[in-house]
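Undergrad: With the first letter of the sequence shown counted as 1, position 102 gets the number 102 in UniProt numbering; the numbers rise by one all the way through.
Because the hints were derived from the structure by calculation, they are not lab data. There may be inaccurate statements among the hints.
Said to hold, decoys possible - The calculated lysine-lysine pairs, modelled on BS3-like cross-linking and capped at a C-alpha distance of 30 angstroms, are:
1. Lys84 / Lys38
2. Lys143 / Lys79
3. Lys79 / Lys38
4. Lys38 / Lys131
5. Lys84 / Lys284
6. Lys131 / Lys143
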Amino acid sequence: MAGVFEVEVDGVEHNHGHGHHDEDTVQIDMSQLSPEEKWRLEHARMHAKHKGHEAMHAEMVLILIVTLIIAQLVLVQWKQRHPKSYNLITLFQMWIVPLYFTTKLHWWRFLVTWFLFSIITAFVTFRATRKPLTCTTPRLVYKWFLLLYKISYTTGIVGYIVIMFTLFGLNLLFRIKPEDAMDFGVSLLFYGLYYGVLGRDFAEMCADFMASTIGYYTASGMPTKHLSDNICAVCGQPILVDVSEEGIIENTYRLSCEHVFHEFCIRGWCIVGKKQTCPYCNEKVDLKRMFSNPWERPHVMYGQLLDWLRYLVAWQPVIIGLVQAINYFLGLE
């Protein structure tokens with residue numbers, strides 16, 4: 001492939017090479033090539049096209065590094081100075097950016113799950129923002145987001161396991177091609193991480209609104225109502241199971257501040273809604289003390305991982321697009 005390539009694609013001839021066009025020209029019908037041969041041919045064409053552009057490529061790398069540093073500083077300052085607008089724009093980016101790329105690539109499975117998630121979450125969010133707030137709404141909201149959190153967590157773990165099994169060659173025991181197994185694992189990992197991040201952001205928004213609507217919690221940390229004994233400060237409903245008893249459906253948790261809550265409510269408040277304080281007295285919550293089961297602690301670390309991936313999914317495509325725009329205006333290719 002050291003000669004000149006004249007490849008006919010969709011009826012258009014593309015000439016790449018130097019020198020003797022009449023003697024060394026090779027015509028290749030792309031439709032007769034295997035996917036691997038097509039990739040090798042495109043790889044060779046790319047190297048021939050960019051040969052001698054080392055200085056230009058160095059400039060492009062420098063632009064990328066500088067843009068990433070500046071963008072990171074801007075995002076950090078924006079988040080510190082105006083957290084509400086930052087979170088709102090980030091949530092919108094998380095919701096729209098993957099939809100654009102998957103629609104363009106015709107990934108119908110993702111589009112189906114995206115529409116199902118959007119419809120159910122829109123209904124739950126609508127219920128959470130109504131005034132007056134019905135007594136069953138907080139538990140409905142927290143149960144939905146806890147269910148979504150567990151599904152996304154499990155899906156991500158399964159996808160990661162499939163990827164690791166593929167790297168170790170265990171897929172050959174089931175006569176599955178490595179590329180098929182890897183695609184399946186990456187898809188599951190993407191679904192789990194994406195809906196995990198998106199669900200947490202919607203859960204935090206609903207948690208803030210519902211808690212302020214119920215009236216026990218305010219942004220200043222001063223309760224506006226007196227919390228009666230055996231009343232959950234999140235949903236405002238009575239607690240029927242004692243802390244020392246084992247519940248049939250859910251248990252009762254007591255925080256370090258001695259306030260008690262329904263299991264689903266406080267899990268949704270602390271883990272899904274990313275709240276680290278008591279809903280009533282605003283005292284900091286010790287998650288390690290509250291969740292004694294060691295198998296439950298990775299959920300907290302998983303939530304921290306989702307926070308990091310939020311930047312990667314929501315803002316990285318925007319930054320890359322900005323870098324490409326700068327390269328275009330500077331004539332770099």
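Undergrad: Within 30 angstroms, alpha carbon to alpha carbon, are Lys84 and Lys38?
TA: Roughly 48 angstroms separates the two Cα atoms, so the pair is violated.
Undergrad: Please work out if Lys84 and Lys284 have their alpha carbons no farther apart than 30 angstroms.
TA: 22 angstroms, holds
Undergrad: Are Lys131 and Lys143 close enough, with their CA atoms no more than 30 angstroms apart?
TA: The hint holds at about 20 angstroms.
Undergrad: Just to be careful, I want the Cα atoms of Lys143 and Lys79 compared with a cutoff of 30 angstroms; is the pair within it?
TA: 29 angstroms, holds
Undergrad: Check whether the Cα positions of Lys38 and Lys131 lie no farther apart than 30 angstroms.
TA: 60 angstroms, violated
Undergrad: Given the hint that Lys79 pairs with Lys38, test it: the Cα-Cα distance must not exceed 30 angstroms.
TA: 45 angstroms, violated
Checked against the numbered hints above, the structure breaks hints 1, 3, 4 and satisfies the rest.
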